[in-house]
Amino acid sequence: MRPYPRTTELPTEFRESMQALSAAAKRGLGDGTLAELVMIRASQINRCAFCLDMHLTLARKAGESADRLDLLGTWEETTGTYTDRERAALALTEAVTELTTTGFVPDEVYATAAAHFDDRELAHLIGVITAINSWNRLMVARRIQPGGPAWT
Amino acid sequence: MSKFLSDEPAGDKPVSGKAVSDEPVSGGESAGGHVRHDFAPEHTPRMEWAKLAPDVYKAMWQLEKAARQGLDPALYHLVKIRASQINHCAFCLDMHTKDALAEGESVERIVQLSAWEESKHFYTRKEIAAIELTEAVTVLTEGFVPDEVYGRAAKEFEEAELAQLIAAITTINAWNRFSVATRKVPGHYRPAAARS
Numbered sequence: 020m021r022p023y024p025r026t027t028e029l030p031t032e033f034r035e036s037m038q039a040l041s042a043a044a045k046r047g048l049g050d051g052t053l054a055e056l057v058m059i060r061a062s063q064i065n066r067c068a069f070c071l072d073m074h075l076t077l078a079r080k081a082g083e084s085a086d087r088l089d090l091l092g093t094w095e096e097t098t099g100t101y102t103d104r105e106r107a108a109l110a111l112t113e114a115v116t117e118l119t120t121t122g123f124v125p126d127e128v129y130a131t132a133a134a135h136f137d138d139r140e141l142a143h144l145i146g147v148i149t150a151i152n153s154w155n156r157l158m159v160a161r162r163i164q165p166g167g168p169a170w171t
Numbered sequence: 021m022s023k024f025l026s027d028e029p030a031g032d033k034p035v036s037g038k039a040v041s042d043e044p045v046s047g048g049e050s051a052g053g054h055v056r057h058d059f060a061p062e063h064t065p066r067m068e069w070a071k072l073a074p075d076v077y078k079a080m081w082q083l084e085k086a087a088r089q090g091l092d093p094a095l096y097h098l099v100k101i102r103a104s105q106i107n108h109c110a111f112c113l114d115m116h117t118k119d120a121l122a123e124g125e126s127v128e129r130i131v132q133l134s135a136w137e138e139s140k141h142f143y144t145r146k147e148i149a150a151i152e153l154t155e156a157v158t159v160l161t162e163g164f165v166p167d168e169v170y171g172r173a174a175k176e177f178e179e180a181e182l183a184q185l186i187a188a189i190t191t192i193n194a195w196n197r198f199s200v201a202t203r204k205v206p207g208h209y210r211p212a213a214a215r216s
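Going down the list, the sequences are from chains A and B.
The working numbering applies: residue 20 is where the first sequence begins, and numbers increase by one.
The working numbering applies: residue 21 is where the second sequence begins, and numbers increase by one.
It is possible that some hints are incorrect.
Unchecked claim - Coverage of chain A stretches by chain B, computed from C-beta distances (three or more under 8 Å per stretch; other residues unrestricted): (1) 63-73; (2) 112-118; (3) 148-161.
Worth flagging that the hints you see were computed from the coordinates, not collected in a lab.
Where is the CB? At the ideal position from N, CA and C, for every residue including glycine.
Using the sequences and the hints given, assemble the complete structure.
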């Protein structure tokens, strides 16, 4: 599994800044349930094993239903599983996560999100999406295993 | 840019009847070369995220400061430019190409960056390893960070420096996301060296 050993190092000041970034974004969004859905969806797209394990565990502990976690990868095909607000956030998550493939963030996606979130919430939602994308990169690059340790 | 603008006298043809920039510009050249009337009009940003989420913005700057520690500035610029190319971040490209040029980077190395695999003799082995790692860590949606890519980076960078490089790649990816999502406008950035 580990043909080439990877570093587990993460500079302390950088790690603390990442934690501050995540905390500020989540606090401003003010919706922990939604934040977990967003973080799980981004981690699926970025294929981050550590982050998926962590956020699925946190969501289950917070009482999220099995249905909503199981179907998250196909949210577009479901009706009645996620609210319109959650769907708008998930669409934005996908657009902001897949910058290299789809290109940019489409106006329709942004407008739908803006219809469900006020400017301040939306800025923090983009913050949450960016923060989990950052954690995904840090964990995938160093091939951090589910359960960690996430850094040394 | 000034050569490009010389086709037509610049400065007296505002786009769509509005001022092209609210920032002072030098030498009669407007930021981004938006003075030509046959250019597409400039868009407006979707929101001012830094003002709406000041705590997040502050954390991003802490992250930025922590990310660049100990890294060669020239290498850092190349990483930022390459990630911004892949993520199609116009604002970040504007900023980081100007910063790189202001700090003495060559036009050739910036121009060749998106084709670095065919222009390796423009870059050091260390830079190539870093650019390759930048691409892999930026394009996660197409699958992980290959062992060969990681291995080549690990050969060129000591462990602590490699961790720092991964942090730097992550940070520009974060800036790219904020700027693309909120559609920040390129063309008006002026590097610190040019401002002073």
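Results of checking the hints against the structure:
1. Given a C-beta distance limit of less than 8 Å, the hint that chain B covers the region 63-73 of chain A holds, as 4 residues qualify and 3 suffice.
2. Counting residues of the region 112-118 of chain A whose C-beta lies closer than 8 Å to any C-beta of chain B gives 5; at least three are required, and the coverage claim holds.
3. For the region 148-161 of chain A, the proposed coverage by chain B is satisfied: 11 residues have a C-beta within less than 8 Å of a C-beta in that chain, meeting the threshold of three.
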